[in-house]
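J.: Keeping their order, the protein sequence lines are chains L and S.
First residue of the first sequence? That's 1 in my numbering, and the numbers climb one at a time after it.
First residue of the second sequence? That's 1001 in my numbering, and the numbers climb one at a time after it.
Be careful, since some hints might not be right.
Claimed, not checked - Distance windows between CB atoms, simulated:
#, chain 1, residue 1, chain 2, residue 2, range
1, L, 179, S, 1021, 22 to 32 Å
2, L, 257, S, 1121, 18 to 28 Å
3, S, 1118, L, 269, 44 to 54 Å
Said to hold, decoys possible - Below, a sample of chain L positions facing chain S; criterion: calculated Cβ distance under 10 Å:
#, residue
4, 57
5, 67
6, 71
7, 75
8, 95
9, 131
10, 134
Derived from the structure by calculation, the hints contain no laboratory data.
Backbone N, C-alpha and C fix where the C-beta goes; we use that ideal spot for every residue, glycine too.
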Amino acid sequence: MNIKISIESAGKIFGDGKRDIVALQDINLTVGSNEFVTFVGASGCGKSTLLRSIGGLETLTSGSIKVDGVPINGPGVGRAMVFQHYSLYPWLTVMGNIKFSRLLQVNRDGITSSDVEAASGRADALLDLMGLTHVRDAYPNQLSGGMQQRVAIARALLPRPQILLMDEPFGALDAQTREVMHDMILHVSKLEKTTIVFVTHDVEEAIYLGQRVVVMAPRPGRIDSICPVNLPAQRDQDMKLSPQFMLQKKEILTRIRETAGMRTDLDLLERMTRQAAAGT
Amino acid sequence: MSTDHSIQPLHRKVIDGWCAFWVIRGHLSRRTYLMFALAGMLLPLAAWWWLSGSGLMDKVFMPSPMDVVSRVYTWFKNDGLLNDIWISTYRVVVGFALSAVLAIPLGLMIGTYRPVQALLEPLTDFIRYMPAVAFIPLVMLWVGIDESSKIAIIFIGTFFQMVLMVAEDVRRVPITQIEAAQTMGAARGEIVSLVIFQSAKPALLDTLRITMGWAWTYLVVAELVAANSGLGYSILKAQRFMQTDKIFAGIILIGLIGLAIDQLFRWLHRKNFPWLYKK
Chain L
1 MNIKISIESA GKIFGDGKRD IVALQDINLT VGSNEFVTFV GASGCGKSTL LRSIGGLETL
61 TSGSIKVDGV PINGPGVGRA MVFQHYSLYP WLTVMGNIKF SRLLQVNRDG ITSSDVEAAS
121 GRADALLDLM GLTHVRDAYP NQLSGGMQQR VAIARALLPR PQILLMDEPF GALDAQTREV
181 MHDMILHVSK LEKTTIVFVT HDVEEAIYLG QRVVVMAPRP GRIDSICPVN LPAQRDQDMK
241 LSPQFMLQKK EILTRIRETA GMRTDLDLLE RMTRQAAAGT
Chain S
1001 MSTDHSIQPL HRKVIDGWCA FWVIRGHLSR RTYLMFALAG MLLPLAAWWW LSGSGLMDKV
1061 FMPSPMDVVS RVYTWFKNDG LLNDIWISTY RVVVGFALSA VLAIPLGLMI GTYRPVQALL
1121 EPLTDFIRYM PAVAFIPLVM LWVGIDESSK IAIIFIGTFF QMVLMVAEDV RRVPITQIEA
1181 AQTMGAARGE IVSLVIFQSA KPALLDTLRI TMGWAWTYLV VAELVAANSG LGYSILKAQR
1241 FMQTDKIFAG IILIGLIGLA IDQLFRWLHR KNFPWLYKK
């Protein structure tokens, strides 16, 4: 497998010099071509910061991130990003949003609007792939949250990016919609041969989607462990009930709980219940 | 058992209807809404009518609505009402347009680029607390007493507020909309013109609508001090001749023109930003 992304002793410190927060500390990781890697971890572990750094939206304070061996410098067309929400342009229709990156090319590269029309075959194919054909002329605020995220994904895929970066893209969706989106994004990854880096706080989602699950730990933000997922390449929803899946979920949850340093104090809760019952 | 509302006694229905009005953030049918709105307009009018006819106040100080209507007619017929309306509207529109033309690009810069914000925002904040009215003597010394002085006062009154409001509108553009454009390879200029400006447009039009109201306030101030025509000037002159009916007429006319312009802005909003109104 070719290496697509290599993260080399990446570090990121937020702060004004007085009180620094180490968001990322000495991160080393490689992601293969057409691999699907998911990141989980307690809040504050830096998983979003790392994703945004790959996207070029954050600059590292030490180390480097290379794509195809070339260090990245700011955002680039080859690395598309899907956000949790509020990233669509409400004044453009679904089709207008999907073609937005083409509009930029019209402005910059002297591509004429007829070229864009000629290239709209790609946009139509994506509409079809995402099941959006019937809403192509609707505005984003007329769509449900799940449909809006489909538009965001289609928009990101239009310029055929080699890397798709997803920052909790399904975090605001209900459980049923999320399952549909999971199978859809797995389909996309196979069809488009896109390398996908996916950040989530949902362990089940991370295992179901990822070929590897990277568990991160907070304070300082670092990689705790990397878990290869032991499931057949072709996923289906029933696998979530299989013993291997459960076992892996348990392992990862344990790692997250341990690194977060948080534990439910059952004794304390028990005491409080008793005191309340006694009326003291 | 079915509930049949028609057999409820009448007083029960009235009480239920009354309670329904006091549901917090409740719903009102369009007809009922219009009824309330009409009552809200007509009640003060009726009160005015009654007060002016009751003899409690001298007719000289409290003209009746009919007096005001007939004054509007003679003003229109003999005293050049249309000319007054035209010149006042002209001053407002020019002063307002001038401040909009400068405030929008400047506010866009302040809301987009930190150094511009640091350079200009504290200064603007400071100037906007200086009362525009206090600039009148200075403006008259600098630009004289012709049209440009009235326009200058309207400009001073609206511009500094407008810049800050535009900057705030621009800052409210969601950062994810901007970052999405960055990851799609948009250059800086493209982000400003194709994302930030487009995204802020509806809020900008609202800002223009609100500041237009202030422009009318400053028009009256300007005309009260240095003019020999216009609605504000006519109000001042009417005071000298004890024509309270004309004062009433002038104030109400300015209110009506303001209302019409406000409605025009709202119409433009619906027309230009259909996506906000489709659900």
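J.: Now look at each hint and say whether the structure bears it out.
T.: Taking the hints in turn, this is what the structure says about them:
1. As the Cβ distance of residue 179 of chain L to residue 1021 of chain S is approximately 45 Å, the hint placing it in 22 to 32 Å is violated.
2. Look at residue 257 of chain L against residue 1121 of chain S: about 46 Å separates their beta carbons, and that is not inside 18 to 28 Å.
3. Against the hinted window of 44 to 54 Å, the Cβ-Cβ separation of residue 1118 of chain S and residue 269 of chain L comes to about 51 Å, which satisfies the hint.
4. Using the Cβ-Cβ criterion of 10 Å, the hint placing residue 57 of chain L at the interface with chain S is satisfied: the shortest such distance is roughly 6 Å.
5. Look at residue 67 of chain L: its Cβ only gets to about 13 Å from chain S, farther than 10 Å, so that hint breaks.
6. Proximity of residue 71 of chain L to chain S is violated relative to the hint, the smallest CB-CB distance being about 17 Å (cut-off 10 Å).
7. Interface hint at residue 75 of chain L: satisfied, since its Cβ lies 4 Å from the closest Cβ of chain S, which is below the 10 Å cut-off.
8. Because the closest C-beta pair between residue 95 of chain L and chain S is about 13 Å apart, greater than 10 Å, the hint is violated.
9. Contact between residue 131 of chain L and chain S, as hinted, is not supported at the beta carbon level, the nearest pair being about 21 Å apart and thus beyond 10 Å.
10. Because the beta carbon of residue 134 of chain L sits about 16 Å from the nearest beta carbon in chain S, more than 10 Å, this interface hint is broken.
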